[in-house]
Structures are given as structure tokens and as C-alpha cells.
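Order-wise, the sequence lines are chains A and B.
Note that the numbering used here has the first sequence beginning at 67, numbered continuously upward.
Note that the numbering used here has the second sequence beginning at 67, numbered continuously upward.
If you're looking for bench data, these hints aren't it; they were derived computationally from the structure.
Be careful, since some hints might not be right.
The list treats identical chains as one, so a pair stands whether inside a single copy or across any two.
With a cut-off of at most 30 Å between alpha-carbon atoms, the simulated DSSO-like pairs for lysine-lysine come out as follows [to be verified]:
id	residue 1	residue 2
1	Lys-157	Lys-449
2	Lys-104	Lys-231
3	Lys-231	Lys-473
4	Lys-177	Lys-198
5	Lys-187	Lys-172
6	Lys-203	Lys-348
7	Lys-490	Lys-473
8	Lys-103	Lys-231
9	Lys-314	Lys-198
10	Lys-443	Lys-231
11	Lys-490	Lys-177
12	Lys-172	Lys-523
13	Lys-561	Lys-198
14	Lys-332	Lys-522
15	Lys-211	Lys-172
16	Lys-360	Lys-539
17	Lys-203	Lys-231
18	Lys-490	Lys-477
19	Lys-211	Lys-449
20	Lys-443	Lys-203
Model, not experiment: these values are computed from the prediction.
Protein chains: 2
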Amino acid sequence: MSDQKGGNQPANNNQGKKQQKGGNLAGGGGTPPADDKKITSRTADYSQWYLDIVRRAELADNSDVRGCMVIKPNGYAIWENMQRAIDGLFKATGHVNAYFPLFIPKSFFQKEEQMAEGFAKECAVVTHYRLKSTNGKIEVDPEAKLEEELIVRPTSETIIWNTYKGWIQSYRDLPLLINQWCNVVRWEMRTRLFLRTSEFLWQEGHTAHATQAEAEAETLQMVNVYRQFAEDWMAMPVLVGPKSDGQKFPGAIYTLCIEALMQDGKALQAGTSHFLGQNFSKAFDVQFTAEDGKREFPWATSWGASTRLIGGLIMTHSDDNGLVIPPRLAPTHVVICPMGRSDEERAPCTAAAEKLAAAIAELPRDDFYGYQPLRVKIDRDTKNSPGHRFAEWELRGVPVRVEIGPKDMEKSACVLARRDIPGKEGKTMGVPLDVAPQQIDALMREIQKNLFDRAKKARDATMRTANSYDEFKQMIEQPGFIWAHWDGTRATEDKIQEETKATIRVIPFDGPKEAGQCMVTGQPSEKRVIFARAY
Amino acid sequence: MSDQKGGNQPANNNQGKKQQKGGNLAGGGGTPPADDKKITSRTADYSQWYLDIVRRAELADNSDVRGCMVIKPNGYAIWENMQRAIDGLFKATGHVNAYFPLFIPKSFFQKEEQMAEGFAKECAVVTHYRLKSTNGKIEVDPEAKLEEELIVRPTSETIIWNTYKGWIQSYRDLPLLINQWCNVVRWEMRTRLFLRTSEFLWQEGHTAHATQAEAEAETLQMVNVYRQFAEDWMAMPVLVGPKSDGQKFPGAIYTLCIEALMQDGKALQAGTSHFLGQNFSKAFDVQFTAEDGKREFPWATSWGASTRLIGGLIMTHSDDNGLVIPPRLAPTHVVICPMGRSDEERAPCTAAAEKLAAAIAELPRDDFYGYQPLRVKIDRDTKNSPGHRFAEWELRGVPVRVEIGPKDMEKSACVLARRDIPGKEGKTMGVPLDVAPQQIDALMREIQKNLFDRAKKARDATMRTANSYDEFKQMIEQPGFIWAHWDGTRATEDKIQEETKATIRVIPFDGPKEAGQCMVTGQPSEKRVIFARAY
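Assemble the whole structure, with the sequences as input and the hints as a guide.
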């Protein structure tokens, strides 16, 4: 069924278990084979490191269904936090959610040519609507063949614009500002957990406007919403601007994107916002009566971001010890580890941990936390060494760990350890228990900022300018973003990609504006664009 | 493509529009044909009344994809509130969310016989993974036929238990307490918006336990979670207990359910919790090492509730004026209508409305509101009469309407109108603006309670006891629940259904315990069960 590895390998699942099994580290569960414990270092094999993190931190698994992943509770909890934050940003900009059918009749698909061409090769097709059981064997019922095949949505422009036809009559019905959270299917031959899977979860916004200017303003607004989410919540710096024509969405006039740089120096497209012009309103014959009484075609945008963001989050911040999750998206903000070599020694530490946990949960809910209470866990493990326990929580990326041992109790104090700075350097000793909640709150904000600053510094350090194609070819062998002049043609872009595996990632809004000459053809170039190898 | 009506009819969509179009009632948009305005009365045609409410309040539409609905922003906002509340109850009982593939290989399906038989006749089947475009015409690529067909999940027991095989090794991996929010497809020949559609949204919990007792306790816990949600949030009273064998889930040992009564006296199954025994662990050969070292099969439960609940909500509370939504689930809690015959008259009323809206949004966020701020709208309509404006908000089911006119302003007061009691009787005049927020908060809680009490009273009034089959046959022609003795056999249940269209809805935990004789066969019966005609 599957050409992918790992679908059935034993894995620990610690989530979804009642805490009642007291002896366990929350990370506990069955002991996996020793090999499974290993995390390959980033320098040894970045790609394997990524897969090790996803497996060891129990974020996702390959399934036995070709190309489809199982998002495990630890991974899904990150997605839930992402959804809550993104959805809040959408609602703050006037959008509402709705839900459209999973299936798209084949004839709809055909109506917008570019899109049909763009997605035809990766579509799952439903052809029958019934099985039959003969002597306990289940077969497709040949008599239940659909008159028209249904495509499992790879994206929903067609079914949504077919629906908008019934919703849009007059300028008073505009703008329509609608978003959908759902699953989509794009049949991928080579998959990679979170980054590229046949089924994935995402949101797709689809808006309709009376004027071109308004639709273009929306396209820009939404890419800036993605920028805001990426930078303020994921602590992941991004470049923002249009894609080249060669990289735009099939069916779009142009595509704006946010583009991030992973630690290995490869680029990741993290969110896109498309100006669709009147392509879909014309394809589905959607017209409205304007204020002046004329019939016009509305202007469209669409924009999406997916579970791919989880891959981006991992590859931006995590280290050889495991996950690093920015506090604003962390499923668990704080873990408190009471310690002691005997029940007697542990008891007061555990009592202090419980009191502290309650105090942390009472911290004011503000926008930083999405108006949610801080999420705190107590690690009641009594079997494993402190070192082992701390390593497990580091693996899981909990931003702050609190240690309370007998020596700390003597001073009514605790130790705060921050995940973004492992080891002694990241520890604050002797923090009085009564001020610990406020210090933890402050530390969360500091960690969030530090992760962004660090990622931005790392990305900026890779940004170079190539002044000739030869120079470019050398530079591209080193990780990172490269500024270079390009003549604006698809042919040149294709040539560069063929020869260097690099693509134009984005034409940043904020870049330098000097004109020059294309590094390949010598033709005029308005300004430099950003090249990189990409996921 | 579709055999359903209404997919393309003009509809107003007011959601998803920027508020910037100031002159509009939020309910505004294009003026629909006069006919569209009508809501059939419940006594004239309950079934048409339901469809009119769904259409006029813009909750959902049939789509052009057979049997699939479009959930419009007004309807989806209710679903989001339901999801938030239900998800909170799941998390409070130790569950976490995850995500499993949309597709189920046909061979998995076959492994649990009862389930295969139960769902085979309504499965959408994916047979190909590619289209090809020939001269602009899109066709299924015959060369891209799947080796094994994929079923679009009608429910996920099989794919999830196939996955659990990799997750469960030892008793320390148990219990697994996992829930999934997703879409499912069951090919329905006769559909009805929200109540029965080919694709619907739901949650499905799937748990694994070391012992039978623990799994049965979970089954019971989860049906009580559904009861809690139905009664405390939806204000919809339910009966709780097992289904008869004839009505249980295919693959379950037994099914517990919550059963509600709609205003027309028909029953609605609103949530089910299944004890699956070891059926799925054995079918997928999932075993764990128990504390004593023996290999054992874990015990399973599954439980689900769907967008069908929106249909139940409508049919429990709404009236001939439109939707009635209990405050705890209302997308908009309060609408404030400033009035006046001129701009001069209106200006101070609008200013007061804005001040009041801000004060209401500042009310403490507590559990009653799911820790969300109260959602307030200001109706800035200047074109329509107050009567027209009020009717629109009644149609949409907003629990409390605040009216501020020039006369009220003279006294720094306002009028509060409650949706559950239309007309003058439900109005409180002369409420001082400075205490209005607190009064509104109190009113929300009163409305929530009143809706539940009223629905319970209406339901209880229909509950009758039949002492003979003849009596039963007469009674069943009147709406409601009927207590009757039954001999516990499938044959008798089938006979009753055939002859009266009534089914056993539930064997309530809380019912009277007197033994008696089956009304049909005279065989012994332990206690009476609940019959009704059902959706």
C-alpha cells in the first residue's frame, strides 16, 4: 500500500493518556528500542535530523495510506494553537468561516484552464458511490458508477465560485470575505511529513470584491496577515513580496508570498495570497449589478497556509536536543519537575510544584497567550534520573522548565531553565517561589523575542548579493538567500533552475531598488530578486 | 449533477462583508424576491418551516455536488461555538486531538465484518489518482488506476485501529484517549440540510483501554459529556441510555445515545457513544503486554456528534419568526439598534450604542460564555423601519436586542427585548444605560434557562405510556415519546417499525423500572423503553 517507511514502527504515545498513571514521565510509555532514541545531529544529516525530531517528539507518522500522514496529538496541539491565532487574525480583519463540499465535479474543474492544467496530475478521483459485499469480500459495485467523476478538492476556487454565483447579485453583496478550514488532497509522489503530503490540513480564504483595487488591497492585506503570524507567533522571519510568474498559483494574475529560510539554508514557502483578477468570476459567470446599474464581474483573491507551517516551525528553531517551540504556540508553556531521592524528600517539592502550577494558571490572560491560560504540567516521574527527565522535556520543546529540589525548598526557591538556551547558561537559580509566576511570564516574552532575533540574525547572515552568474553558481552551493538581477523572463528562470536547482523565491517588497542587468542574459533588470534552493 | 433543489437560488449573504458598507443592515445585501422572505408556519408545514429557517437565516445551502451542503457563515459560526464547547468538555476529561487519513484502503474496511456490512452501501470510492488534459478536455487518466481502491472515510475505526497497532505495545501506553475533528462521507440518497447529508462535519473519539471495565466507564462518561453539552449549552433536554440491538452502531457491542425530541414530536439522535469490546483490536491484531506480562487485546470505545446538532438546535427552539439560539451558542449575543428619524436624532443614540457595546464587551469572561467576550453588533441601518430591522434580528436569533431611541436618550435609558419571548411581553423598558451591561448579562442566563425549561416542559408533555399495542398504535399518531414494554427481540422491534414507523429510540437509564409484558408478544419485559418516529 505504501512506499513510505515508518508507518508501522513502534512509537511512544504519551498524549491522550490520563495522568492517572502517576509513575510515568508524560513522555514515558513503552520503552522504544535504543536506536529510536537517537536524534541525528543537524550537521551530520539535516534531513534525517528533521525526521528524527518529528518521530521522537511524536508529532506525526507516515500512515499505511500512500502519502497520507497521521498527525499525532503532540503535533496536532501545535496546529490547534496555530489555527486559533491565525483565525483570530482573520476575524480581526473582517473575515468569517464557512464550509464547502469536499468533492468537485470534474466539469467545474475544467472551467478555469490554468487551474485544471496545474492540478490535473495530482488529483484523487471518486468514480463509484457504493461497495458490495459478496461472501464477506468487499468489492466496488460496478453498478454504482457516477455519471460524472468527482475530484477530491486540491483547492476550492472552482466549487466556491460556483457557489458564489448564487450569493452575489448586487454590489451590496460585496465584499464577500470568507475563509474555510479543511483538508485537501494533492497526490504527491515524493512525500515528507508536514512539508509535502498527499492529504494536508489548511485554511483557504476566498474573497470577492466590486473593484480591482479593493481585491488587490485584500491580497496585500492577507499576505501581511501571514507575515504577522509567521513573525509574531512563529518567531519565524520572512521575506514578503510577489512570486515570479513561473512560481505563481495556476489561475492567479499574481501571487504574493511569505518566504522563510530553514536552518539548512533552504527556503520554505510558508503562505501565499493570490490576486485572481476576474478569472474565476468569468469562468463561472458570476456577475453583479454595480452602483451605476451596470453588470460587472467581481474581482477575486484566495490565500492559504497549511500544516506545512509545522515543518517550518521545527526547521526554524529546533536543535540537536529536540524541538524548540516559541511560547506563543507551545502546547505546554511550563513543566515543573519536583525532585528528591525519597518520598519524604519529594513530598514538599511536589506540594510546592502544585501550588506554583496553580499560581501560573492564574496569570492574566492577554493577547500574548491568545487570551488562553498558561498551560502547565507537573512531571511526577519518580523512576528516572533528573537528567533523563530534563532531556525528555527538552526533546518536546517546552519553553520553560522549573526544577524544585530539596535544596531549593530550603530557600523557598526554584530553578528556571529556558529551552532556547540549553545547559547552565539558560538557568536562573534561586528564584523565590512567590515571584516565580511573574518571572516565568517575563521569560516567555523574552524567549519569544530571542527566538525571532536569533532566526533573523541567522537568516540575514546568509543573504548575499551575486554580481555575475559565475559568482551566483558558487554562492548557491552555500546555504541561504541570494540577491541577483534577473531579466524577468520565464526562460531565464528555467535555465537557472535547471543549472543550479535554485528558483526565484520572492521579489521582496523591502529589497534594494537599484536597477542592473540580468546575471544570465545581460538584459535590463529593475531590481534584484531572491534566489534559493527550496523545500 | 444534483437532484436537490435550491443549490443555485439567490440568497443574501451578509456575513463575510466588511462593516464598512455603513448604510446596510448587517442582514442587508441584495433584496431577495418577496417569496423568499416568507417563513412557513410550523403548524402549516413543519418540514417546510425548517427549510425556510435554514434558508432565510442563511445557515446552509444545498450545493451542486450531490447530497453535499454548503455551510454558510451564519451556520458555521454556530458550529464553531459548538466545537469550542464540546472540545473543552473533551479536554476537561483528559482527551487530546489528532488527525488520521481521509482515505481508508478497501482491505482495512473488510477486516471488521459488521462495520463493512453496515457502511458498504454508502461509500464514496477513489479509484484513480490523476486526470489528464487532452485539448483542454479533462479526463480521468486510465493509466493512473489505484492498485487498491480507497474509501473516503464514513467513520474512522479501521484506519485508526490500524494506526494504534503501532502505538500500543504495553499497558503503559494505555489508555489512549484521542479525538478527531473532521469531515466524513456517507452517500445518502435522500438528504436534508444538517440532518442528513452525504458529507458532514463531526468529531469522532477513539479510545483504547487495558480493561473492559475502564472502556465501559469511558463509554458512559462520553455519553454524559454529550448530555452535558446538549442540556447545558444547547438547552436541549435529552434522554440517555442504550440503543436496542437493532439500532446500535455496526461493530459495537452496544451503543449509548442522547435522544432529543423536536417540536413536531419526532425524535432526533443527537450523539452516540459505542462500547466496541475487542472487535477492532482483534480485527487489526493490536495487542499489549499487561502488567502481569501476558499479551492481551485492548478494549475500545468510539463516540461522535456532528453538524446534525445544528438541525437539532433549530428544531428545538426556533419559532415562526425565525431562529432562536441559546445565548451560550449564539454567534451574536446582543444587537444594539440606535434609532431616530433624522441624522440629528440618531447621532446621540448611535454614540450611546457604541459606548454600551464597549461596556458589554468588557463584561467578565466566565465559563457561561466559554471564557469568550460577549459578541455585540450595532445595527446602523438608516433606511428601514424599526419594525423591519427588529424582524431581521429576530429571524437571525440574536438573544437580546437593545433599542435606543430619542425618547430613551432623554432618560439615559434603553429598551431590552429578549428573543425567547417575542413582542411586548419580552421587553423591559427604561433600563438605565449604565446598568444595562449587567442586566444583559443576567438576561442571557435567564434566557438560557428559560429555553431549556420550556423545551423540557414541551417534551415531557408528550411522554405517554402505552399499555397495549392498540393503544400504542393510536398514540403514535400523535407527536412525542411513548413508554412501552417490549420483549427485547429484533423481530418484535422490526414488526413495530413496519406497522407504525416507530423505532425504539432509547432505553433510558432514568426510566421507571417496573417489569411487564411486551405489548406485541406478551413475553416478559424488564422495563419500558422509549418509542417514537424519528428523523
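List in ascending order the numbers of the hints, as given earlier, that are violated by the structure.
-> Hints 3, 11, 12, 16, 19 and 20 contradicted; others consistent.
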